[in-house]
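What follows is the residue order along each chain.
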Amino acid sequence: MKFKKSFLKVAGAAMVAGLATAAPAAAAVELPCTTAKLIVPWGPGGGTSVIFGIFEQAIQASDAKVKIKVVTVPGQGGALGAKEAAAAKPDGCTLFAIHQHMVVNYINGVTDFNWDEFEPVALLTDTPEIIGAGSHVEYSDLEGMLAAAKASPGDIPTGVSMGATSHFLWLMLGAKTGTDFAYVPFQGGTAGRVTGLLNGTIDLGGINMAAARTQRGDGGLKAFAIAAEERSDLIPDVPTLKELGIDMNYSLTRGIMLPKGTPKEIVDFWASVFKGPTEDADFVAQQAAKGTAVLYKGPAEYAEWWEETSAEFLDAAKKIKVGRFQ
Amino acid sequence: MNLFSSLGLAAPELFTITTMALMMAGTFAGLLAGAIPGFTIAMAVVLVLPFTFAMSPVQGLATMIAVYVGGLSGGLMSGILTGIPGTPSSVATTFDGYPLAKSGKPGLALGIGVWSSFFGGVIASVVLMLVAPQLAMIGLEFQPVDFFALVIFALTVTASLAGDQMLKGLIGALFGLLIATVGSDVVFGLPRFTFGVESASKGFAFLPVLVGLFAFSRLLGDVRDPENAVKRLGGDEAHAVHIDYVLSAKMVISRWVNVVRSSLLGVFIGVLPAAGSTISNILAYDQAKKASKEPETFGKGAIDGIIAPESANNATAGGALIVMMALGLPGDIMTAIMLGALLVHDVIPSPSFISDEPKIAYSIFLAFFVANFMMLFLQSITLRGFVLITKVKMYMLTAVILFYCALGIFALNNIAYDMWTLFVFGVLGFVMRALGFPVVPIVLGVVLGNIAEVRLSQVFARGDGLEAFLTRPWALFFLLLSVFSILFPFYQKHLGKPGWTTYFVPMLLIVMAGPVFMMPGVIRPVIAGLMLAAGIVQLITRLRNGQSGPEKI
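Chains A and B, in that order, are what the protein sequence lines are. What the first sequence shows, in this note's numbering, is residues 1 to 326, in sequence order. What the second sequence shows, in this note's numbering, is residues 1001 to 1553, in sequence order.
For the record, the hints were derived by calculation from the structure and aren't laboratory data. Computed from a predicted model, the values in this text were never measured in an experiment. C-beta atoms are modelled at their ideal positions from N, C-alpha and C, and glycine is treated no differently. Please note that a few of the clues may not be correct.
Claimed, not checked - Straight-line Cα separation of at most 25 Å, DMTMM-like style, residue types lysine to aspartate or glutamate; simulated pairs:
no., chain 1, residue 1, chain 2, residue 2
1, A, Lys-321, A, Asp-247
2, A, Lys-67, A, Glu-84
3, A, Lys-260, B, Glu-1198
4, A, Lys-89, B, Glu-1198
5, A, Lys-321, B, Asp-1185
6, A, Lys-290, B, Glu-1357
7, A, Lys-242, A, Glu-230
8, A, Lys-150, B, Asp-1464
9, A, Lys-37, B, Glu-1198
10, A, Lys-37, A, Asp-116
11, A, Lys-37, A, Asp-280
12, A, Lys-321, A, Glu-308
13, B, Lys-1105, B, Asp-1225
14, A, Lys-318, A, Glu-30
15, A, Lys-290, A, Asp-233
16, A, Lys-260, A, Glu-30
Said to hold, decoys possible - Here are some, though not all, of the chain B residues that point toward chain A, as calculated from beta-carbon distances under 7 Å:
no., residue
17, Gln-1143
18, Pro-1144
19, Ser-1184
20, Phe-1188
21, Gly-1189
22, Val-1454
23, Leu-1456
24, Ser-1457
25, Gln-1458
26, Arg-1462
27, Gly-1465
Here chain A stands alone, though its shape is the one from the complex (with noise of 0.2 Å):
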């Protein structure tokens, strides 16, 4: 392990030093099949599966070498198809969509290994959480809604896939603010939630850009704030949380790993694959209208933000003692 870690290091700055270089390298790479299978561990048409349906599209349009299919591996908050990825043989025929969920579903057990159990290959997109409400709740901003939850600590019914993301962000919120809230199991992502705030089996729950967009202007849904640094240009009128003063910013930061112990030519040569269509004027287009916003990182400058986030992560589990730190 200890090796293999350093290893990983080392190739992470061989190829910052030799990036012009990768891409011809890359060419060079044979793999044992035409099409790798890319494990999205959600259900289909959940935010994950659409954003990498989309550069499955991409892929099968460019003349790479070797295309990608999209299989979704749905359960247990993403450790279902974590576990299935982490398992795979390290040949490059199987790929795995990953984002914040990994290090969530570590800290609360669900699996027993973290993001490092990977070869980071590249950070793609970057899709901020929006604080969502169902239209019958009678605050309408954050303030109100802090407001309630601070009156009836543990009350407030919220919608999160347990132990993964979207629980994570009320307990980061709620460390932030002092407040606690009932969580109420959904399955189904953010359709599942969003159904449950429609109809009012719900108060609150995380809500993506397309649900905003459109539930918003029906009445069905409120949106009170965006965890993102800056406002989005498709809900221009909803405040970060920062401007509000709660300092947090919470995104789905999605990219592709492969299983450890994969050599370095293949990750590098699916690191150039990946970063084709995010180089694309319509491609970042067509994931900017699902409210995705495409940033490309490379193999090592991955692994250091796993490094980063998954600390960030670990430090707030520890203050308010959830998962395996309780």
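The hints should help you fit chain B onto chain A, whose structure is shown.
Same frame as chain A, now just chain B:
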């Protein structure tokens, strides 16, 4: 914007040669997939999805709808000819379709099945266009506690369908729920009943369990007796099969009450999220049996027993489409995949979707309508081919079907563990059949177990007490119906004798009026009032006569 101008907007988009050709291909693919046991509609739709990425939204969605409709009807072929439902949506079709085919009328059974599918689909598409917005609002009324009550109702209904064997049916349903608990718990994802086996942590995949319990166990039973094994399925005269479309159409149309009732029931079940055609075909069968003047013919080849499930399952697709388009809430696996397709094409469903995007919404309605005609046309060609199956000797057919079942199961997730699941549940199903346990409640228990668990945990997480089951109208509605469905087999047994059965129907009306009265709006309380009045009138006349009149529900 009214219905006709919206349709006028959508029609030119849909009726192009390319789109029509794609829909034809889709319908055929669906029929083929539905006809082969083990290949499910969901698999067919999943396989087609990638092909639609390059198409325009209307084309892609129309093609997927064609596959969906084709698959729903394709299931009836294998269901009627072999007694193995091609898809879970055709489970109840086998109850009477198979006996009728075995008794030497496979052509008639198939003809009736095809026409019922057609009428069910057409009725549903008309309903879809007329009342989509209103129906969607009912689906949205369902809260977790209502869902849980609905699951209880679905399980008691399947158990009571077993008639004399109701106790075994209930045991089966509970056993199914137990099977569903294996794997990881649905809330926290922690392993449960896995006994340390890593592959078991995913739980038993639903399809291998279904195919094992239904198909594998039946195939085992069919070839148990060496004499049976070399028999031809349709008898030696199988080649004489002739599908009389005119006669079967007449028979279906003359039973229009059943067709309309089953179709409307199908649409209603489709609107309920997570219910789907797996349940609607069984409920419609149950209703047809209860409404029939000769319920004893059910299970022995009753025409009404084929009409009900086949019109209901096609109609359910219409209901599921309403909810999917209006709320982005999939009613079943198929609509879940369709929802994915909508998102890929940058179409985001919401309650205002139908009014915001009339072109796409009404293209979907129209495509559903048109796909039913294509299905009818293609069935009339391909059915001849499928009738040939009855000429094959049992042991060959068994081997081939088993092969396809196993292949289909393996292709779904590419894991060998699923094949073992198939095998184990095949043997288990064989033993349970031999002991007289009906397998349908077991399967339904497996399917609904997770839904029930999630919903119940939501009830408690929200802090609703148990009293919510009595104060929420839909929850109360389904729980009361469950009680009556448990009493139903006893009612059937004692029918005609003096005693409590005399008051069963009026009491049902009076009691059910309660929850309906509690529902919001004006229309439903009025309906409740009518139910109450009808119940009281019946009760009084029966108390006076002191004997049972002609029984109907």
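Self-check item: Violating hint indices (sorted, rising)
Solution: 14, 23 and 27
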